[in-house]
Amino acid sequence: MRFTIKNGILLPSNTIEDSRPISQIPALPQPPLNQDYHFNGNLQQLLTGKQLLLNDIPFPLNEIQSHYENGYVTYRHGIIYKGKQPACARCGNKDQQWFAYYPCARCGETCLYCRQCIMMGRISGCTPLIGWNGPVPDTIHPEKISQWQGTLSKGQSEASNRVVGAIQENKELLVWAVCGAGKTEVLFAGIEAALAAKKRICIATPRTDVVLELTPRLKAAFPEITVASLYGGSEDRHLYAPLTIATTHQLLRFYHAFDALILDEVDAFPYTVEESLQHAAIQARNPASAMIYLTATPNEKWQRECRSGKRAFTTIPARFHRHPLPVPEFIWCGNWQKRLQKNRMPVNVLRWINERIQANKQALVFFPHISLMETALPILRQFAQTIEAVHAEDPDRKEKVQKMRAKEIPLLLTTTILERGVTFPNIDVAVIGAEDTIFTESALVQIAGRAGRSKDHPKGKITFFHYGKTDEMLKAKRQIIEMNREGLKRGLLDC
Amino acid sequence: MHLFPQDRCLICHEIIHPAIGWGALFSQEKEHFICPKCDGRFEKIDGEACRICNRPFHSLDGKFRDGNLCHDCYRWEEEPEWQGFLDKNNSLFLYNDFLKEVIAKFKFRGDYVLAKVFAPFFKDELARIAPDFLVPIPLSRERLVERGFNQAAALLIASGYPTTELLTRIHSEKQSKKSRSERIHLPQVFKVEPNISLEGKKVVLVDDIYTTGSTLRHAAKLLKEAGAASIQSLTIAR
Numbered sequence: 001m002r003f004t005i006k007n008g009i010l011l012p013s014n015t016i017e018d019s020r021p022i023s024q025i026p027a028l029p030q031p032p033l034n035q036d037y038h039f040n041g042n043l044q045q046l047l048t049g050k051q052l053l054l055n056d057i058p059f060p061l062n063e064i065q066s067h068y069e070n071g072y073v074t075y076r077h078g079i080i081y082k083g084k085q086p087a088c089a090r091c092g093n094k095d096q097q098w099f100a101y102y103p104c105a106r107c108g109e110t111c112l113y114c115r116q117c118i119m120m121g122r123i124s125g126c127t128p129l130i131g132w133n134g135p136v137p138d139t140i141h142p143e144k145i146s147q148w149q150g151t152l153s154k155g156q157s158e159a160s161n162r163v164v165g166a167i168q169e170n171k172e173l174l175v176w177a178v179c180g181a182g183k184t185e186v187l188f189a190g191i192e193a194a195l196a197a198k199k200r201i202c203i204a205t206p207r208t209d210v211v212l213e214l215t216p217r218l219k220a221a222f223p224e225i226t227v228a229s230l231y232g233g234s235e236d237r238h239l240y241a242p243l244t245i246a247t248t249h250q251l252l253r254f255y256h257a258f259d260a261l262i263l264d265e266v267d268a269f270p271y272t273v274e275e276s277l278q279h280a281a282i283q284a285r286n287p288a289s290a291m292i293y294l295t296a297t298p299n300e301k302w303q304r305e306c307r308s309g310k311r312a313f314t315t316i317p318a319r320f321h322r323h324p325l326p327v328p329e330f331i332w333c334g335n336w337q338k339r340l341q342k343n344r345m346p347v348n349v350l351r352w353i354n355e356r357i358q359a360n361k362q363a364l365v366f367f368p369h370i371s372l373m374e375t376a377l378p379i380l381r382q383f384a385q386t387i388e389a390v391h392a393e394d395p396d397r398k399e400k401v402q403k404m405r406a407k408e409i410p411l412l413l414t415t416t417i418l419e420r421g422v423t424f425p426n427i428d429v430a431v432i433g434a435e436d437t438i439f440t441e442s443a444l445v446q447i448a449g450r451a452g453r454s455k456d457h458p459k460g461k462i463t464f465f466h467y468g469k470t471d472e473m474l475k476a477k478r479q480i481i482e483m484n485r486e487g488l489k490r491g492l493l494d495c
Numbered sequence: 001m002h003l004f005p006q007d008r009c010l011i012c013h014e015i016i017h018p019a020i021g022w023g024a025l026f027s028q029e030k031e032h033f034i035c036p037k038c039d040g041r042f043e044k045i046d047g048e049a050c051r052i053c054n055r056p057f058h059s060l061d062g063k064f065r066d067g068n069l070c071h072d073c074y075r076w077e078e079e080p081e082w083q084g085f086l087d088k089n090n091s092l093f094l095y096n097d098f099l100k101e102v103i104a105k106f107k108f109r110g111d112y113v114l115a116k117v118f119a120p121f122f123k124d125e126l127a128r129i130a131p132d133f134l135v136p137i138p139l140s141r142e143r144l145v146e147r148g149f150n151q152a153a154a155l156l157i158a159s160g161y162p163t164t165e166l167l168t169r170i171h172s173e174k175q176s177k178k179s180r181s182e183r184i185h186l187p188q189v190f191k192v193e194p195n196i197s198l199e200g201k202k203v204v205l206v207d208d209i210y211t212t213g214s215t216l217r218h219a220a221k222l223l224k225e226a227g228a229a230s231i232q233s234l235t236i237a238r
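Protein sequence lines correspond, in order, to chains A and B. Quick note on numbering: the UniProt record's numbering labels position 10 of the first sequence as 10, and the sequence is numbered without any gaps. Quick note on numbering: the UniProt record's numbering labels position 180 of the second sequence as 180, and the sequence is numbered without any gaps.
A hint or two may mislead.
[To be verified] Listed next, the in silico EDC-like pairs over lysine to aspartate or glutamate satisfying Cα-Cα at most 20 Å (straight line):
| no. | chain 1 | residue 1 | chain 2 | residue 2 |
| --- | --- | --- | --- | --- |
| 1 | A | 94 | B | 7 |
| 2 | A | 94 | B | 14 |
| 3 | B | 100 | A | 185 |
| 4 | B | 37 | A | 393 |
| 5 | B | 100 | A | 224 |
| 6 | A | 455 | A | 185 |
| 7 | B | 107 | A | 109 |
| 8 | A | 475 | A | 305 |
| 9 | A | 183 | A | 143 |
[Said to hold, decoys possible] Which residues of chain B face chain A? A partial, calculated answer using Cβ under 7 Å:
| no. | residue |
| --- | --- |
| 10 | 8 |
| 11 | 80 |
| 12 | 82 |
| 13 | 110 |
| 14 | 111 |
| 15 | 112 |
| 16 | 113 |
| 17 | 144 |
| 18 | 145 |
Quick caveat, the hints were computed from the structure, so don't treat them as lab data. Where is the CB? At the ideal position from N, CA and C, for every residue including glycine.
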């Protein structure tokens, strides 16, 4: 869009001569708030704490412009130039290779656009990011906010108190909870405290399935609170809610929105790989706000910061069912890849698998690469024809996981795609080729965390078959033993 | 700063490793826009196909075939008011799930630079057809402003061919929401630019996808009635 400045106000313009694309207007004036103006409540609901494109807003331009002229709507640059260097204001992209140009029908010029966040709508040199500057919508909460009836374990309630404290004081806190500790319940008291203080709170997680799973649980715990559930294509896009559950990608649409932001699985893809998501998380928070990080496996840097006292953290070292975490066993299996090329597999691996099939014990078997897994599948099917394999691009992924749950599959081969999130009650776990670089400390801890999840079957066997131990394997084992020791010391285990 | 920027795939953004060999050493290196993996996911249209719309017969049930025409084209050609306007459609690839994603990103998300992916194929086709006029199927003014560019024109610009805006759109409704019969019995959606002589000219219409062929046939009818000698069309997907 092209704008011109008249009387200290930005005006959209279609005449080329006296106007410029918004990115070429260095300082964007913001008119003062006109208290007497009757603003549109729906626009307020939609725009509070957001940064949207014109195409995302189902109101005509002249209405948006009129709110701007009365100080209620803000226009910000979509692309920010530092000298000649462009940056995307929404996703923070500065990499030349993620920008491209097109002849733009809106501004009539060759317009630069960001390719990195284009799935959320295109931001180009003539795109204004539209936000809200007026009053925040009123929210009236019932007297009793939380209806959650459950109880917390001792470890959980210690962590829960820390979360409440951090939210009240706008601090950062890392909650380092082992797989199966019950992270979600630890948040309830903190969410209640935030809502009671009329704070806007958001839980962001990397994956849509987690959003879908969390939404009903939170709606049940906070039945009278409006909950917005956001993921690609969700219906709550226009909803203003004091409690938001979103995929990390959806944070790109928020700007200075949340007084408390809870980031789930901070160590997981894509949050760690895509800098744009880290940028989004920072932008979505209010400058004064609380940030809670949740993970079972913080990376090395964060672990170091925890140990040296630079990062506020709390641990839940034991599972909800008060049994220790199963510790992985290392077994050397020789050059298994070479054997696989000859359509054979190490004898001890075959024996491990045969024992599970004979004993009718379900198992997950992790492989570092799809191709190796697919070579192994026909060899392993000699034990049971119903053995299946699953990977990220498998169209039948969901069905196979479902079948595993229904115990129709005795053994499921998988890549790291099932390393986290999925829970089967009573399984053993093996990793074939644990020395591969894809199996980092955190991946191995997560994989080990698949076993012994239910209180009826708290013990599961975890075996890492390897062709040479790696540091990552040793660190993973050490982390698990360390957590068990701490759990014992703090009286969180029965044994 | 990248001192030695590496080519990255326009679709998946992975680094493209150049093939090293005598050919690469002695001939001028072609610019690489996509990686071999993405390239392999496009399905070229080849083998026996419908004489008019280029629909491949190998994946088509025999009962939808009438001689060298598919049943759809046969029905169009049966009606005297539609007979013989579109001489031939040329399409590059089958509209598989992968291509669907790429075209959606190009057209609906507005990732203009993806036109480059198809440009080498468009160049080859256009060199073979050698038309007098290349006409992108126009968007309504309102849709053009919404998207920021016309995807058909973008394909031609990326291929280095000039476009001739012979058509303008008079209707603005979305095609993709309509059924086949609604599309066919629509009143004319285009009008022709009156100041260019089409007498005896070979015209190629350009669009992103050939679905029912109704848009292209409406345009072809107008242009033939305005004097054009032959009308072909060129699309990415069929």
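Practice prompt. With a cut-off of 7 Å on the beta carbons, see whether residue 8/B makes it to chain A.
Written response: holds (6 Å)
Worksheet item: Taking 7 Å as the limit, does the beta-carbon of residue 145/B come near enough to a beta-carbon in chain A?
Response: OK, holds: residue 145/B within 7 Å of chain A, min 6 Å.
Discussion item. Does residue 109/A sit within 20 Å of residue 107/B, going by the straight-line distance between their CA atoms?
Written reply: holds (19 Å)
Worksheet item: Hint check: is the beta carbon of residue 80/B less than 7 Å from a beta carbon of chain A?
Response: Violated. Min distance 39 Å.
Discussion item. Given residue 111/B as an interface hint, is its Cβ closer than 7 Å to any Cβ of chain A?
Written reply: Hint holds; residue 111/B Cβ to chain A Cβ min 5 Å, cut 7 Å.
Discussion item. Does the closest beta carbon of chain A sit nearer than 7 Å to the beta carbon of residue 113/B?
Written reply: holds (4 Å)
Worksheet item: Given residue 112/B as an interface hint, is the shortest Cβ-Cβ distance to chain A below 7 Å?
Response: holds (3 Å)
Discussion item. Tell me if the straight-line CA distance from residue 37/B to residue 393/A falls inside 20 Å.
Written reply: Distance of about 14 Å is within 20 Å: holds.
Discussion item. Take the shortest C-beta to C-beta distance between residue 110/B and chain A; is it under 7 Å?
Written reply: holds (4 Å)
Practice prompt. For the hint on residue 144/B, just tell me whether its beta-carbon gets within less than 7 Å of chain A.
Written response: holds (5 Å)
Worksheet item: Are the Cα atoms of residue 475/A and residue 305/A separated by 20 Å or less?
Response: Roughly 17 Å separates the two Cα atoms, so the pair holds.
Worksheet item: Has the given pair, residue 94/A with residue 14/B, been kept, meaning a C-alpha gap of at most 20 Å?
Response: Distance ~18 Å between residue 94/A and residue 14/B Cα, so the pair holds.
Checked against the numbered hints given earlier, this structure breaks hints 3, 5, 9, 11, 12; the rest are met.
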